[in-house]
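Number of protein chains: 2
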Amino acid sequence: MSTPSSSGPDRDAVRAVLDRARAEGRTALTAPEGKALADAYGIPVPGEALATSADEAVARAVELGLPVVAKIVSPDILHKTDAGGVAVGLDSPRAVQEAYERIVAAARRYDPAARIDGVQIQRMVPSGTEVLIGAATDPTFGKIAVFGLGGILVEVLKDAAFRLAPLSRADALEQIGSLRAAEVLDGVRGGEAVDREALADLLVSLSELVTDFPEIAEADLNPVFASASGAMAADVRFVLDFDPPEPPKRFGREEIQSAMERMFRPRSIAVVGASNEAGKIGNSVMRNIVDGGFAGEVYPVNPKADEVYGRRAYASVGDIPGGIDVAVFAIPAQFVAGALEEVGAKGAAGAVLIPSGFAETGRQDLQDEVLAVARRHGVRLLGPNIYGYYYTPEKLSATFCTPYDVAGGTALTSQSGGIGMAILGFSRSTGTGVSAIVGVGNKADIDEDDLLTFFGSDDNTRAVAMHLEDLKDGRAFVEAAREVVPRKPVVVLKAGRTSAGAKAAGSHTGALAGDDKVYDDILRQAGVVRAPGLRELMEYGRALPVLPAPKGENVVIITGAGGSGVLLSDAVVDNGMSLYEIPPDLDEAFRAFIPPFGAAGNPVDITGGEPPSTYEKTIRLGLEDPRVHALVLGYWHTIVTPPMVFAELVADVVRAARAEGIDKPVVASLSGDTEVEAASTHLFEHGVAAYPYTTEMPVQVLGAKYRWARAAGLL
Amino acid sequence: MSTPSSSGPDRDAVRAVLDRARAEGRTALTAPEGKALADAYGIPVPGEALATSADEAVARAVELGLPVVAKIVSPDILHKTDAGGVAVGLDSPRAVQEAYERIVAAARRYDPAARIDGVQIQRMVPSGTEVLIGAATDPTFGKIAVFGLGGILVEVLKDAAFRLAPLSRADALEQIGSLRAAEVLDGVRGGEAVDREALADLLVSLSELVTDFPEIAEADLNPVFASASGAMAADVRFVLDFDPPEPPKRFGREEIQSAMERMFRPRSIAVVGASNEAGKIGNSVMRNIVDGGFAGEVYPVNPKADEVYGRRAYASVGDIPGGIDVAVFAIPAQFVAGALEEVGAKGAAGAVLIPSGFAETGRQDLQDEVLAVARRHGVRLLGPNIYGYYYTPEKLSATFCTPYDVAGGTALTSQSGGIGMAILGFSRSTGTGVSAIVGVGNKADIDEDDLLTFFGSDDNTRAVAMHLEDLKDGRAFVEAAREVVPRKPVVVLKAGRTSAGAKAAGSHTGALAGDDKVYDDILRQAGVVRAPGLRELMEYGRALPVLPAPKGENVVIITGAGGSGVLLSDAVVDNGMSLYEIPPDLDEAFRAFIPPFGAAGNPVDITGGEPPSTYEKTIRLGLEDPRVHALVLGYWHTIVTPPMVFAELVADVVRAARAEGIDKPVVASLSGDTEVEAASTHLFEHGVAAYPYTTEMPVQVLGAKYRWARAAGLL
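Sequence order for the protein chains is P and E. No gaps in the numbering here: position 616 of the first sequence is 616 in the UniProt record's numbering, and each next residue is one more. No gaps in the numbering here: position 20 of the second sequence is 20 in the UniProt record's numbering, and each next residue is one more.
There's no promise every hint is true.
Unchecked claim - Heads up, simulated DSS-like pairs for lysine-lysine below, C-alpha to C-alpha not over 27 Å straight-line:
| hint | chain 1 | residue 1 | chain 2 | residue 2 |
| --- | --- | --- | --- | --- |
| 1 | E | Lys617 | P | Lys280 |
| 2 | P | Lys488 | P | Lys517 |
| 3 | E | Lys395 | P | Lys517 |
| 4 | E | Lys617 | P | Lys517 |
| 5 | P | Lys617 | E | Lys346 |
| 6 | E | Lys280 | P | Lys158 |
| 7 | P | Lys158 | E | Lys617 |
Said to hold, decoys possible - Computed, partial: chain E to chain P, Cβ under 7 Å:
| hint | residue |
| --- | --- |
| 8 | Ile152 |
| 9 | Ile419 |
| 10 | Gly496 |
| 11 | Thr694 |
Simulated from the structure, these hints should not be mistaken for lab results. The beta carbon of each residue, even a glycine, is placed where N, CA and C say it ideally should be.
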């Protein structure tokens with residue numbers, strides 16, 4: 001069982017097989033062709049040979065290694081078993097010889113007219129744990145590697161994992177270990193652990209094979225039998241596609257970066273369709289850009305006005321003096337292509353296409369036409385069919401919605417206008433500090449990976465949160481995410497997760513939503529934090545820039561309410577974190593501050609009715625002890641320590657600690673009457689992610705920060 | 001394989017075995033004793049017999065049915081296989097005879113000094129799908145029945161289901177079908193479907209056995225081999241406990257009802273420890289009861305005051321003229337027992353023990369003393385260690401917290417004071433209509449089942465939502481829930497889900513049963529809706545009384561934002577509902593109201609930018625068509641249909657439909673700027689469960705209503 005790494009794959013052998021198939025107009029390979037591909041990439045499959053005499057059968061069997069299986073080879077006998085043409089478990093030369101004679105005789109009896117080419121001798125696959133190893137071509141991500149446990153587990157419970165191909169060995173081992181039932185591979189009920197390295201070899205080799213030969217659309221090693229001494233594919237299947245869909249256009253990182261820089265920090269903006277008539281989109285856009293405080297040049301374009309919203313208007317884009325960086329379109333769809341020619345001639349970096357009436361209403365043709373114009377001029381398109389975009393560091397509200405002015409570290413994007421409005425309302429209501437809110441709509445051109453590339457290098461952005469229904473180029477997104485994640489968290493809400501949801505996505509944008517598990521696995525592989533719902537997308541977006549990154553896994557709960565402590569503990573475990581087992585000396589130190597009946601260990605239950613000083617001392621201790629990496633606070637509203645008193649003391653203690661260089665994430669759950677709402681807001685403004693009436697959300701956002709920190713390699 | 005139903009179980013046989021074990025001080029049964037129990041309850045186990053000669057072995061084998069297994073029986077040979085003392089697959093009289101002789105000879109060679117009692121002949125268990133059937137004694141619920149798929153599935157994936165024992169046949173079939181991998185029982189990969197009825201027989205029989213004989217602490221049929229023709233337990237194991245913990249005291253339904261009636265609708269209340277001193281609990285309680293508007297008599301008890309908060313004070317409870325229904329205690333723990341004697345003498349129905357300082361601080365003795373006094377007088381105790389209780393229909397705020405006056409249909413209880421305060425704050429902030437908020441604290445006496453009994457019959461309560469950490473008597477709770485659920489929803493947040501202790505267990509079944517899944521399964525079996533977190537407990541409590549019960553499973557989404565439609569579809573599936581496949585005539589009817597590019601099917605995507613009339617017509621159509629059973633609305637904030645316009649039109653359409661007797665649940669997700677908050681509140685006040693900035697919560701509360709409606713037998 002040589003692996004490709006020892007001698008390198010035999011690409012010529014594969015090329016020859018595929019060329020023959022293409023020449024013959026086939027999209028499937030025969031079993032021997034499949035074996036040839038496997039052999040070329042060092043994928044262990046049972047050796048086999050054709051024998052035309054009993055002596056030859058014995059010789060081949062000994063070469064291949066006993067035991068073997070013997071099968072009649074005849075173009076006229078379809079059902080080999082019915083014809084007595086199969087013998088298994090042949091474990092001696094004598095048994096092989098007898099089987100050869102018996103099989104041939106039986107076949108002649110079964111059909112005296114049958115042509116008999118001989119007997120195939122195949123090495124028996126050693127028994128072992130059944131797994132499935134495969135590769136497929138995902139419409140979003142391209143070549144992906146698939147690993148699943150065989151039999152019931154993959155068939156009934158769909159226990160399979162997906163990763164981008166090609167895979168590193170470490171990726172492959174991680175993929176194998178990610179199955180829910182991976183424990184099976186360690187041997188259960190007295191069985192031996194299988195050789196995971198051998199399985200990883202197969203996964204890596206197959207992923208390289210499909211990467212080297214993109215015309216291999218699907219590859220299926222199923223079942224693979226894995227044991228302590230190796231792994232062998234008992235069956236191999238390949239499906240070819242010599243006419244794959246064209247991959248989406250790729251821009252270089254530098255190209256993307258420079259276009260996005262000009263779009264987000266423009267010196268001049270043209271508003272095509274700017275209007276003085278209230279209620280018109282071109283009016284709202286002008287008003288928001290000007291009233292929002294944008295400091296660059298703003299050129300309204302309107303052939304029927306001399307002036308729009310106090311700025312001199314131009315009859316056409318061509319009339320604008322000098323160049324423009326961005327043109328915001330607020331004219332009907334059918335006029336966009338024409339005006340875009342002028343925008344292109346002006347050397348603009350980007351066009352923001354607010355109008356609808358393109359692909360989403362069946363006018364793919366109009367959208368294609370506009371894209372062609374843009375490509376000719378090197379103009380990047382945002383939209384069409386969007387609300388526009390906000391970038392608070394430049395006081396830029398190029399949108400027909402209301403302006404937004406709470407600057408901060410969160411960049412949010414949405415594929416849907418409705419979701420964009422929810423993001424706007426939520427951000428305003430919670431005072432979320434935002435760097436950008438961007439609608440991407442039909443994504444004729446600019447996709448999430450372009451935006452991610454910009455936000456990744458934008459010092460004003462400290463976390464990126466994206467709502468998406470599909471990705472035009474999943475692989476480009478993964479590459480961008482891998483580049484950004486080590487520096488800042490990327491949160492994604494992928495809509496259309498369930499099959500019902502995926503169907504709705506199909507009818508909405510014509511997007512093809514893939515199997516959700518593929519997205520889930522590959523986004524996680526890229527280090528993306530996936531939000532389970534819209535509310536979490538926004539809450540993670542709000543909290544992640546506020547919380548410092550944890551430097552270790554030791555989470556401690558300090559609570560005034562035992563009941564909150566129990567729920568917070570549930571939430572810590574639910575969110576993939578672990579409660580620190582507090583060592584005796586630290587436990588004693590906590591105990592010195594709390595009543596004798598306060599609970600030992602973690603949660604630290606300071607009990608209800610304690611004065612502010614008890615909260616203060618225990619929280620300070622948790623912050624100052626270097627073994628503690630994150631704090632979850634449970635507050636209980638009492639007369640002795642009212643909500644705002646608690647909020648102020650926590651803010652002070654945290655600020656003091658940060659001044660001393662102690663920068664740990666602190667989250668809080670506030671239980672109490674309505675005063676806890678203002679207290680939570682105060683805490684949030686002072687760097688503590690605090691929430692009233694919920695024990696889940698503070699721990700969820702901390703869990704999101706942890707998932708990011710792990711993906712970023714900080715832990 | 002006779003089932004117990006054909007002849008009835010042989011209880012005498014079981015009694016004899018158990019009596020012998022008890023007399024011998026054993027807590028485990030031998031294999032023959034286990035077989036005797038199985039035989040007595042018609043549980044099929046392999047027949048077996050002892051043979052002392054080869055001829056006898058043949059005769060026994062033929063009687064039992066071939067094939068058989070033969071095993072040496074010798075008190076001196078522990079490792080039968082090592083001694084060559086086992087033969088399997090004996091399928092003819094000749095094989096049995098030879099095996100007998102071979103085994104005995106081998107055993108003699110192995111240990112010439114060994115005493116040989118003979119050879120055990122046991123029928124071979126027919127092969128089949130491996131399952132586990134068991135019973136255990138749960139500390140909360142008592143006897144429970146366990147069903148799991150055998151081998152890897154139960155060991156690695158813990159795929160097991162739990163139900164209260166004894167079980168009906170229907171319960172057993174439902175339990176079997178509830179496994180995640182139940183599909184395996186229908187035959188996968190070409191296998192036959194197993195006989196589920198036979199498995200149900202075993203489950204029912206075992207559950208009856210452990211119910212009839214409570215000293216059987218654990219029972220384990222593992223593995224059971226199930227096939228198309230039946231099921232047989234290959235191994236049987238019992239663990240006994242002749243000294244089980246005492247069951248909690250039970251009250252009759254009538255007793256509970258009459259005590260609770262007097263506690264929630266008292267004519268007179270004594271406040272023991274009432275005080276004029278601001279900041280004291282006894283002062284807050286008095287003030288809240290009086291200021292809250294309670295119309296009954298209020299007697300402050302304070303030996304040092306003539307008057308408290310404008311009411312004549314009494315030196316002791318004994319001095320109060322006439323009887324009292326409830327005494328609220330606001331005195332230190334050590335004085336409670338003494339005062340309770342007087343309260344008992346006054347014939348009070350209940351005592352509300354606000355003070356802490358009992359079991360939660362290690363003073364179980366004080367708590368036991370108080371309970372003993374209460375039992376002697378027939379006084380029921382709420383608490384100790386609670387914030388008190390609210391019952392808005394009587395304007396009763398017997399608590400030291402702030403009063404609550406938004407009357408409505410939701411009764412909420414909490415085991416923790418901190419959680420109680422969160423409930424109070426949330427309710428006030430959202431304007432939730434509440435019938436009661438009750439703290440149960442240490443639960444020295446009154447448990448959730450008592451409260452549930454009252455709320456079940458209370459016309460002011462339309463839904464019950466309970467936070468609990470444990471149940472003193474899980475079986476009593478299930479009985480109360482079963483009684484209440486057909487009339488109104490019961491929601492439970494069970495805290496401490498992940499901290500389920502790993503208790504030492506004597507069997508595989510016992511180990512499986514130490515899990516949160518037991519609560520989950522048995523609460524669901526009782527028809528309880530489980531809330532995944534604190535926020536959901538409160539949101540379900542708020543929304544369930546507002547929503548009418550659905551009359552069928554056909555959910556339709558009507559949305560102005562396609563993006564919301566996708567997320568709402570995801571949420572519908574996530575929450576166990578199904579999107580109605582809209583038939584062509586109804587689809588056409590919807591299409592008549594929406595733009596040509598609006599999406600067909602479900603979601604009904606009316607597209608953004610539509611006027612109020614489009615929302616109105618489509619929503620009315622959804623309400624009026626009898627095939628549609630529930631509506632999920634997705635609103636998108638636009639200038640054309642602003643939030644409050646949408647809210648008012650939906651409220652009007654729903655009101656008009658309800659006036660015509662069309663009473664369907666309607667929920668809404670509002671995407672938009674902050675005005676959607678007021679719009680959501682307006683909708684909630686008009687019978688539509690509406691939420692801003694979330695596509696998940698409206699669907700979650702609808703899902704909770706559906707889960708209840710199914711449990712209540714309405715669907």
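Quick rundown of the hints versus the structure:
1. Among the hinted pairs, E:Lys617 with P:Lys280 is consistent with the structure: their alpha-carbon atoms are about 26 Å apart, no more than 27 Å.
2. Simply put, P:Lys488 and P:Lys517 have alpha-carbon atoms about 24 Å apart, close enough for the 27 Å limit, and the pair holds.
3. With a CA separation close to 53 Å, the supplied pair E:Lys395 and P:Lys517 exceeds the 27 Å bound.
4. Of the supplied pair hints, the one linking E:Lys617 and P:Lys517 is violated, its CA atoms being roughly 38 Å apart against a limit of 27 Å.
5. Distance restraint check for P:Lys617 and E:Lys346: the Cα-Cα separation of roughly 47 Å exceeds the 27 Å cut-off, and the hinted pair is therefore not satisfied.
6. The suggested pairing of E:Lys280 with P:Lys158 is violated, with an alpha-carbon distance near 60 Å, which exceeds 27 Å.
7. Restraint check: the Cα-Cα separation between P:Lys158 and E:Lys617 comes to about 43 Å, which exceeds 27 Å; the hinted pair is violated.
8. A hinted interface residue such as E:Ile152 counts as satisfied when its beta carbon comes closer than 7 Å to some beta carbon of chain P; here the least separation is about 6 Å, so the hint holds.
9. The beta carbon of E:Ile419 comes within 4 Å of a beta carbon in chain P, closer than 7 Å, and the hint placing it at the interface holds.
10. Interface hint status for E:Gly496: upheld, as the beta-carbon distance to the closest one in chain P is roughly 5 Å, under 7 Å.
11. The restraint placing E:Thr694 at the interface with chain P holds, with a minimum CB-CB distance near 4 Å, inside the 7 Å limit.
Taken one by one, the earlier hints fail for this structure at numbers 3, 4, 5, 6 and 7, listed in ascending order.
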